[in-house]
Each structure stands twice: as C-alpha cells, then as structure tokens.
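S.K.: Spelled out from the first residue to the last, the chains are:
Number of protein chains: 2
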Amino acid sequence: MNIAFLFYDQMTALDAIGPHEILSRIPGASVFRVARQKGPIRTDSELLLTADHSLTDVRKADLLLIPGGGNATTLSDHPDILEWVRSIHATTTWTTSVCTGSLILGAAGILSGHRATSHWVTVDLLSKWNALPTRERIVEDGKIITAAGVSAGIDMALYLTAKIAGEPVAHSLQLGIEYDPDPPFDVGSPDKADPILREALRKRLLARFTY
Amino acid sequence: MNIAFLFYDQMTALDAIGPHEILSRIPGASVFRVARQKGPIRTDSELLLTADHSLTDVRKADLLLIPGGGNATTLSDHPDILEWVRSIHATTTWTTSVCTGSLILGAAGILSGHRATSHWVTVDLLSKWNALPTRERIVEDGKIITAAGVSAGIDMALYLTAKIAGEPVAHSLQLGIEYDPDPPFDVGSPDKADPILREALRKRLLARFTY
Numbered sequence: 744m745n746i747a748f749l750f751y752d753q754m755t756a757l758d759a760i761g762p763h764e765i766l767s768r769i770p771g772a773s774v775f776r777v778a779r780q781k782g783p784i785r786t787d788s789e790l791l792l793t794a795d796h797s798l799t800d801v802r803k804a805d806l807l808l809i810p811g812g813g814n815a816t817t818l819s820d821h822p823d824i825l826e827w828v829r830s831i832h833a834t835t836t837w838t839t840s841v842c843t844g845s846l847i848l849g850a851a852g853i854l855s856g857h858r859a860t861s862h863w864v865t866v867d868l869l870s871k872w873n874a875l876p877t878r879e880r881i882v883e884d885g886k887i888i889t890a891a892g893v894s895a896g897i898d899m900a901l902y903l904t905a906k907i908a909g910e911p912v913a914h915s916l917q918l919g920i921e922y923d924p925d926p927p928f929d930v931g932s933p934d935k936a937d938p939i940l941r942e943a944l945r946k947r948l949l950a951r952f953t954y
Numbered sequence: 744m745n746i747a748f749l750f751y752d753q754m755t756a757l758d759a760i761g762p763h764e765i766l767s768r769i770p771g772a773s774v775f776r777v778a779r780q781k782g783p784i785r786t787d788s789e790l791l792l793t794a795d796h797s798l799t800d801v802r803k804a805d806l807l808l809i810p811g812g813g814n815a816t817t818l819s820d821h822p823d824i825l826e827w828v829r830s831i832h833a834t835t836t837w838t839t840s841v842c843t844g845s846l847i848l849g850a851a852g853i854l855s856g857h858r859a860t861s862h863w864v865t866v867d868l869l870s871k872w873n874a875l876p877t878r879e880r881i882v883e884d885g886k887i888i889t890a891a892g893v894s895a896g897i898d899m900a901l902y903l904t905a906k907i908a909g910e911p912v913a914h915s916l917q918l919g920i921e922y923d924p925d926p927p928f929d930v931g932s933p934d935k936a937d938p939i940l941r942e943a944l945r946k947r948l949l950a951r952f953t954y
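Protein sequence lines, in the order shown, are assigned to chains A and B.
Counting along the first sequence from 1, when you hit position 204 you're at 947 in the numbering used here, and nothing is skipped either side.
Counting along the second sequence from 1, when you hit position 106 you're at 849 in the numbering used here, and nothing is skipped either side.
Hints were generated in silico from the structure; no laboratory data involved.
This one's a predicted model, so the numbers in the text were calculated from it and none came from an experiment.
Built from N, CA and C at the ideal position, the CB exists for glycine as well.
Heads up, a few of these hints could be off.
As the list claims (entries may be wrong) - Listed next, the in silico DSS-like pairs over lysine-lysine satisfying Cα-Cα at most 30 Å (straight line):
(1) B:Lys-935 - B:Lys-946
(2) B:Lys-906 - A:Lys-935
(3) A:Lys-871 - A:Lys-886
(4) A:Lys-935 - B:Lys-935
(5) B:Lys-871 - B:Lys-886
(6) B:Lys-946 - B:Lys-803
(7) B:Lys-781 - B:Lys-803
(8) B:Lys-781 - B:Lys-886
(9) A:Lys-781 - A:Lys-803
(10) A:Lys-906 - B:Lys-946
(11) A:Lys-871 - A:Lys-946
(12) B:Lys-871 - A:Lys-781
(13) B:Lys-906 - B:Lys-886
(14) A:Lys-935 - A:Lys-871
(15) B:Lys-935 - B:Lys-803
(16) A:Lys-906 - B:Lys-935
(17) B:Lys-886 - A:Lys-946
(18) A:Lys-935 - A:Lys-781
Said to hold, decoys possible - Here are the in silico distance ranges between beta carbons for each label pair:
(19) B:Glu-879 - A:Gln-753: 19 to 25 Å
(20) A:Asp-867 - B:Asp-820: 23 to 29 Å
(21) B:Gly-885 - A:Glu-879: 31 to 37 Å
(22) A:Lys-803 - B:His-821: 39 to 45 Å
(23) A:Leu-949 - B:Gly-771: 19 to 25 Å
(24) A:Lys-946 - B:Gly-856: 33 to 39 Å
(25) A:Gln-780 - B:Arg-802: 44 to 50 Å
(26) B:Lys-935 - A:Asp-752: 53 to 59 Å
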C-alpha cells in the first residue's frame, strides 16, 4: 500500500499530520511525502516539515492525499504540481483531500461532475471547477474522498483505514491515538458558531482565496 | 506569549502538531520548537519535523508543551533534557503535556503530588514519580495541565486557548480548524473498545515502556 502525501509551502500542517498519524500505521503501508523538490517545507504555522521525495521520484500511488493551505489555489499557477496530481490520480485506488486541498483537486480537473467538500469557508468555490459542492464532513464519490476543514482529515483517515484494512485495524488505530474527542466548546461548525464571529472569520479566510 | 514545544527523536508528531496548529495562532504567540540540537527530528511515524532552537537557546517560556512518544521514558537517560524541562517549568505560567509526555514531566520530578494523566496504556506508570494517575481527558492541577493520548492534545489546546486569550479566540480557532469531530467509530477510549483488541494493544504499547 503506497501512500503519497503532497507537501507544499504554506500548507496547513495538521491537514496532513492528522491523517499521516493514522494512515502511516496501517500494516504494510509505505508513505511518500512528496513536494516539487525534496527538502524543507514551511507550513502556514511556521513549522518546518520535510519532503522525502520530489514529484519526479513518485509516479504512482495507491492512495493520494492532498492537504489544504491558505494558498492552495495559487497552486493553479504551478502546472507541474497539477500535472503530477492528475498523473498520480490515474494510478490510485483512492484520491483524497483535506480542507482546501480539494481546491487543488479541482484545479487539476479531477472533480468535474463529482460531489466534493472543502473547508466550510471555501466549499462553494469548488463549483468553479464544475464540482458539486457538498457540505458534509466526509464526501465520497467513486474513488475520490474529500474531507472538510483541517481536523476532518482525522475522521476521514479512520474511515479510509476501515475500507483499506478492515474495521478492526481502524478501531485499533483510533484507540491507539485515544480519539474519543471531547471539545471544550461546541462551536466547530458554522451552524453552531456565533454568527458575528463566523462572518468575521469567513471574511478573513476568503480574502486569501481570490480569483 | 512565548510557547516552547519540546521536540525529540521518536516523538509522536500529532501530539505536538495538533496543539501547535491551535496555539501558534493565538494572537501574539511566539512559538519555539526546541530540541537538544537544532535540526531534523525523526518522529515515530518516520515524518521529519525540525527544531528551530537548541535547549541552550531557550531559557524561559510562558507555556511549555511536552509531546509523547514511544520512547518517552528513555528520556530519563538524558539528564540535560530533564534539567531543561525543570528549569523552563520554573518560569512558566502553564506547563503541559500530551500523551506519554507526562512521563517526561514525571521523570523531571515535576509531577510529585500532582494529579496527572497520560495515554490510557501508561497512565498508571505515573505513580512511579509520585504523581496521582487520573483517567480524564484533560487534567489540570495548578499550572500543570496534562492530556490523555495523542488526539487529546487538540482538546487541551482549545481549553488552554480560552484560558490564555479568552473564549472568543478559542471559538474562532476551533471553527477555523472545523473541529466538530465525527469519528466514524465510537471506540476511542478503552471502556468503549473491544476488550480483546484493547488488551492486545495495551500489551504491544506497554512493551515499549519498560523500567
């Protein structure tokens, strides 16, 4: 089971590391952290991750995961990355994204006609690429699975693990990371949040996604 | 607000990155990722993180966070790290840990007489350092806050954010990472999991924590 994570500058670390903590522990998994070039990747929280492989090193994958980031759509200016995403998608069993990573799948032309989700602030932008924006935490359409904002990647990774390796493996990994969430506040989705706070956040985040 | 994360080889990435994604976005936060030496840190899922500072670079912090890892207790063999943890603790407003990171606080002598938690597999080991093992997801005792296994760090970080910066900031950050968890299975704590699977996992994880 070869799993490729796309890394890129200004990505959101948790979008990748949540699923990585789970998927990398599936028995038999080989994980490839791939970026335009091997080496350090500065995330949007300043933390440095490292890509172990360049795009040209990795030609196929059973599972592809694209994390989001504040500058996800500017990857449209990087045809080599979009071409790589398209070519890997042609080889996958599962093509997945977390948060605004779905905008990259969209820009790569992969979501046309497909139901997909994204961060709640950006989900409607998916229609730009003829995707069908869907406000659910995990959206599965054929072999494409997209997750909502950042932390939804953890839920998606467990869902995927059950599909790939069976429910007992998913259960063991969930128990291993003690994922019995108990958020101190019940404000983690836009319909639960204070409207004033929500709209301020929407405005601030959307400003990063101009076309 | 200076926030120091201890990084070390074979740490668990998500223990640190979950809280990092939240705490680093508190307005005015300055984050220091600190290890024995600056440079790459190989986590227990092979992912490389990077420490930006060495122990000797960082002499105080308002908030200290110690992530866990499969080899957390072998840090007892590293008196320089424990001495650093003790000296930083003397300067903090909050001293915190995620998962087996509490075993490092214990080994540093900080938990004696204090209630504390850890990963469900290792929580009872805290009594070795005269801590009072407490099976809760977040345990606050004075300025020491410990979180249970891996994913509990996300809940703790939001709890801490509200204390540090107020509830509106915590709410905004929770909504920003769309943390409205919906695990596909309800097996994330030992009392909810299948007993056979649970005991197999306990045996496998405990084997890493020998004294």
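S.K.: Hint by hint, where does the structure go against what was stated? Just the numbers, ascending.
M.R.: Of the numbered hints given earlier, those the structure breaks are 6, 12, 15, 17, 18, 19, 20, 21, 24, 25 and 26, listed in rising order.
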